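Q: In order, the protein sequence lines correspond to chains U and P. Each residue of the first sequence is one higher than the one before, counting from 3 in the numbering used here. Each residue of the second sequence is one higher than the one before, counting from 11 in the numbering used here.
Because the hints were derived from the structure by calculation, they are not lab data. All figures in this text were calculated on a predicted structure; none of them were measured in a lab. The beta carbon of each residue, even a glycine, is placed where N, CA and C say it ideally should be. Any given hint might turn out to be false.
A few chain P residues that don't get close to chain U, going by computed Cβ distances all over 12 Å [what the hints assert, rightly or not]: (1) Pro44; (2) Arg56; (3) Asp60; (4) Val73; (5) Cys74; (6) Thr98; (7) Ala138; (8) Arg175; (9) Asn208; (10) Val219; (11) Asp238.
Below, a list of computed lysine to aspartate or glutamate pairs in the DMTMM-like style, where the Cα atoms sit at most 20 Å apart [what the hints assert, rightly or not]: (12) P:Lys27 x U:Asp178; (13) P:Lys142 x U:Glu68; (14) U:Lys151 x P:Asp30; (15) U:Lys151 x P:Asp178; (16) U:Lys151 x P:Glu141; (17) P:Lys142 x U:Glu183; (18) P:Lys27 x U:Glu100; (19) P:Lys211 x P:Asp197.
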Amino acid sequence: MTALSHDVLIVGGGLAGLRAAVGLCDKYDVALMSKVHPIRSHSIAAQGGINAALANNPDGRDDTWEKHAFDTIKGSDYLGDQDAVEAMCREAPAIVYEMEHWGCPFSRFPDGSIAQRPFGGAGYPRTCYSTDLTGHVLLNTLYERTVMKGLRVYPEWYVARLAIDDGVCHGVVAFDLMNGEVVPVTAKATVFATGGYGRVYLYSTNALINTGSGIGIAYKAGVPLKDMEFVQFHPTGLIGTNILMTEACRGEGGYLVNTRGERFMERYAPKAMELAPRDIVSRSIQTEINEGRGFDHPLGRYIKLDLTHLGEQKILAKLPGIRKICIDFIGIDPIREPIPIMPCQHYSMGGIDTNARTETEVRGFFAAGECACVSVHGGNRLGGNSLLETIVFGKTAAGAVDEYLSRQPAAAKEEIVRGAARQVEGRMAALVAGGREKSFSLHGELARTMSANVGIFRERSEMEKALEDIDRIRERYRNVGVSSPTRHMNYELMNAIELEFMIEVAHTIARGALLREESRGAHWRRDFPKRDDEKWLRHTIARMNSDGTCAVSFRDVTITRYQPMERIY
Amino acid sequence: MITAAAYTFKILRSDRKRPDERPRFQTYRVKVIPGLTVLAVLIRIRDEIDGTLSFRSSCRSAVCGSCAMVINGRIDLACRTQVASFGTNTIILEPLPNMEVIKDLVVDMTPFWHMYEKVKPWLIRQTADPEKEIEQSEEERSRIDQFVNCILCACCYGACPVIARDPDYLGPAAMAKLERFILDSRDERPEDFLDTVNDEKGVWGCDTVLRCIEACPKDVRPTDSVVDLRKALVRKKARRLLGMKK
């Protein structure tokens, strides 16, 4: 095995990873590894926009970053750490201007300024956008920057393990898909920007690559995870394919309608209506469906997202991507017909436990973006804040890594990374030698139990069932085999490797959800339907014991100036 | 009730690491319910029938550009192509042309990215950045609309007859990307930059047979950019001949 060596290794080529790379590659030997070409990363699929209090919108001239912070904290159901939220919202305008200066083609207002639209849970129209392709334009812009700077990218290299010894990260073990080789990579600093875990669920808006294995890899290497029970369900996923129908559909004036023709949000959030935060809208839709006011479809029950009253011109100008997806994937033109939608898993509020500097408790190991939990989203993320988080904390990670390297840490130890590489080789040999179990069917069982038992509405017996199922799946995983010993471009092999980590991600979600006996943000317990600040204004920290079991502890939320209040919209 | 129909998928298999084996079509018989995409069926084949099959995929919603291939002779994204859209129960899948096949439906896109990098695909500014945004009118923004939509899937690159005979030709995607910046009111690249595409490997190489437009899953028209870049070069030449400065 030939080992590679870099000063900094960034894992993940989405917005967070690329932004971290842009901030470091002029000064250090930086490499970025991604299991897909960076431009294929899931950031590309973000539609609606990025929040920043620019006050460009005529209806929001007195917007400020403090108001943005308040909306974010209230939206988080007070589980967000307020110092981190404030830092993110203060930085937001500079981040958006920087992306614009680098070429990001935002939509514009008539005065030539960046256009901003209303979004859920926000008191002001502060979501900057580029029609309904905001992730696409941001990712292209950042990728263009890395091309300009000549960043070293290893596309289609899957990072399969962290090499941590005695509280210090020495690098990773990578799997070069094109050549089928396992490669030890030493690095003085490693940044994970590996994205969310949507594919742990059956119904998810996420890309197929969003397995969350980066989160699981960190967990299995002893890095604690935070608030894993907080899973965002997006109100409007297309029925069948679960493709995201952006919140901008409602931001631009779309209605949610049940079988009685009612705009039912009136009952749940009379003021904000369709633009209440996602946790509330998703629960409202699910309640309508559960109580028999959903429409029937061979692929499940649904609610209508009606844009027809917006008119052709507005839909073509503001939501062209949504229209094209509807026509391509369900044969419906939203100019003429409502869109059939259902709530689907969408975002991972929880993740690798970091502070507001993207540092983990392991020296030389940093995490940013959806795989990390700072926490700025707490119990529920507001739409438009995830794109913001990726770029703000990608940039923050660059600063933190720079600072770490300027203190001249000891050289990474190659023997530690080689030891980890031998473990990965052993794992692959076992998978190739093959047992009877198939990775895809175990993945299916895992996703089904998560969607059925750790979904929008939760209760003890269901989550206990999920944990039992997960234990059984973990046992059966030992007997997984793959069809072919050929390693290059072997996606079955890669899926099997990732499943090991998905199982632990699922476990920490279900475990946290079972322990948290309250309802907060996206975590809603039928058996504990009230928020309990006395006992639960705390983060859940999950850590893997040396015997593989999960130890859970709790940490107080940081409060600065926003005292918890009842959440009414 | 949903009823499934029987389909035959014929997929061209090969492996760069086994050059002695000739590419061959492998046949898979599957039951398909209405509404399923080619990608959904490919995933089922890999999961349930043949784990050795290789293809790329990610977003399954026609935005990431991973799954371009030839589907019954037509280049498109597998994720947005309905299996039932062909009026036949036989679906033939082949890898994207004009690039070397790594394995099965996975091609080596290195030359495609190389051409993309050649046009300096980033915003070039001479003036210092303002404190806030660089102003741009709605009309100026709308000029780049169609080129911004490009997802770099290489459908056009695979469809281009010029690349088929001249691998050094820049190709439609790179040209569309260059046009995206040339048309951007904020871009300040020197006018001489166009000289880098002023030859048969660049804008003059295009056959203007519009295969790229036909192949694009996002309604981008790379030929528009070729025509526009040619006009700009002609104008520039005319100005030089007339002794005008700019």
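Q: Please go over all the hints and tell whether each is borne out by the structure.
A: Hints versus structure:
1. Against chain U, the non-interface label of Pro44 of chain P is violated: not every CB pair exceeds 12 Å, the least being about 9 Å.
2. Chain U draws Arg56 of chain P into its interface by the beta-carbon criterion, the shortest separation being 6 Å against a cut-off of 12 Å.
3. Against chain U, the non-interface label of Asp60 of chain P is violated: not every CB pair exceeds 12 Å, the least being about 7 Å.
4. Once the 12 Å rule is applied to beta carbons, Val73 of chain P is inconsistent with being away from chain U; the minimum gap is 5 Å.
5. At roughly 5 Å from the closest C-beta of chain U, the C-beta of Cys74 of chain P falls inside 12 Å, breaking its exclusion from the interface.
6. For Thr98 of chain P, the condition that its CB be more than 12 Å from all CB atoms of chain U holds, with the nearest at approximately 19 Å.
7. In this structure Ala138 of chain P is not separated from chain U by more than 12 Å, as the shortest Cβ-Cβ distance comes to only about 10 Å.
8. The non-interface label for Arg175 of chain P is consistent with chain U: the shortest C-beta to C-beta separation is roughly 27 Å, beyond 12 Å.
9. For Asn208 of chain P, the shortest C-beta to C-beta distance to chain U comes to about 22 Å, beyond the 12 Å cut-off, and the non-interface label holds.
10. For Val219 of chain P, the requirement that its beta carbon stay farther than 12 Å from each beta carbon of chain U is met, with the minimum near 25 Å.
11. In this structure Asp238 of chain P is separated from chain U by more than 12 Å, as the shortest Cβ-Cβ distance comes to about 18 Å.
12. A C-alpha spacing of about 15 Å is found between Lys27 of chain P and Asp178 of chain U, which places the hinted pair at or below 20 Å, so the restraint holds.
13. Straight-line distance between C-alpha atoms of Lys142 of chain P and Glu68 of chain U comes to about 19 Å, which keeps the hinted pair within the 20 Å bound.
14. Under the criterion of a C-alpha separation no larger than 20 Å, the hint pairing Lys151 of chain U with Asp30 of chain P is inconsistent with the structure, at around 40 Å.
15. Restraint check for Lys151 of chain U and Asp178 of chain P: the C-alpha separation of about 24 Å exceeds 20 Å, so the hint is violated.
16. About 23 Å separates the Cα atoms of Lys151 of chain U and Glu141 of chain P, which puts this hinted pair outside 20 Å; it is violated.
17. Simply put, Lys142 of chain P and Glu183 of chain U have alpha-carbon atoms about 47 Å apart, too far for the 20 Å limit, and the pair is violated.
18. Taken as a hint, the Lys27 of chain P and Glu100 of chain U pair is broken in the structure, with Cα atoms around 45 Å apart against an allowance of 20 Å.
19. With a C-alpha separation of about 24 Å, the suggested pairing of Lys211 of chain P with Asp197 of chain P is violated against the 20 Å cut-off.
The structure shown violates the earlier hints numbered 1, 2, 3, 4, 5, 7, 14, 15, 16, 17, 18 and 19.
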